[in-house]
Amino acid sequence: MTEVFFGIGSNIKPEENIVLAVREIKDIFVDVIVSPVYKNKSVGFEGNDFLNLVISCSTKMSVYEVSDFIEQVHNLSGRERKSNKYLSRTLDIDLLMFGDHIIQDSKVHIPRDDILKYSFVLKPLVDIAPESIHPITKSSFSEHWDRMDKAENPLIPVEIKTL
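Going by our numbering, the letters in the sequence shown line up with residues 157 to 319, in that order.
Honestly, the hints are just simulated from the structure, not real lab data. There may be inaccurate statements among the hints.
Cβ-Cβ distance ranges computed for the label pairs, FRET-style [unchecked claim]:
id, residue 1, residue 2, range
1, T318, S198, 29 to 35 Å
2, V186, H257, 15 to 21 Å
3, H265, I289, 15 to 21 Å
4, G203, S298, 18 to 24 Å
5, T318, D261, 32 to 38 Å
6, S223, K306, 29 to 35 Å
7, E172, S198, 16 to 22 Å
8, S223, A307, 31 to 37 Å
9, W301, E171, 32 to 38 Å
For every residue, glycine included, the Cβ atom is placed at its ideal position computed from N, Cα and C.
Work out the full structure, taking the sequences as your base and the hints as a guide.
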């Protein structure tokens, strides 16, 4: 079994789409842990606030099968792929980590750079796996959180009752 971390965000019907993503992950993966949900401003464009969270789980699937699963869930949410990555979206699921693998090819980029760039990715990781080690930096998520500029992307905790 491989431990997997997903970053999940939405700013179009966010509660509905986050519930969809969590439900789909719980149907396929085991040992699922869902972080608290945080609201934050959109980054890189003007748009509605995002809701973001992280999920930890385990799987026997390959990294590419997990990547295909993510696209299936995106399709369920009605997500449309556009060339501009800075847009509002129904659902954005990122494969943040796949065990301690480091993979950078045309389909998969593991670990995601977003882990060290954005508080809305790192804080939920710290909430559910503070001592987990980033495979490139060899530092824990909590050590990275201690060094992060938290004012750059302030977070507001949000309760979603159906999670």
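Here's how the hints hold up against the structure:
no. : hint                    : result
1   : T318 / S198: 29 to 35 Å : violated (24 Å)
2   : V186 / H257: 15 to 21 Å : holds (19 Å)
3   : H265 / I289: 15 to 21 Å : holds (18 Å)
4   : G203 / S298: 18 to 24 Å : violated (30 Å)
5   : T318 / D261: 32 to 38 Å : holds (36 Å)
6   : S223 / K306: 29 to 35 Å : holds (30 Å)
7   : E172 / S198: 16 to 22 Å : holds (18 Å)
8   : S223 / A307: 31 to 37 Å : holds (33 Å)
9   : W301 / E171: 32 to 38 Å : violated (26 Å)
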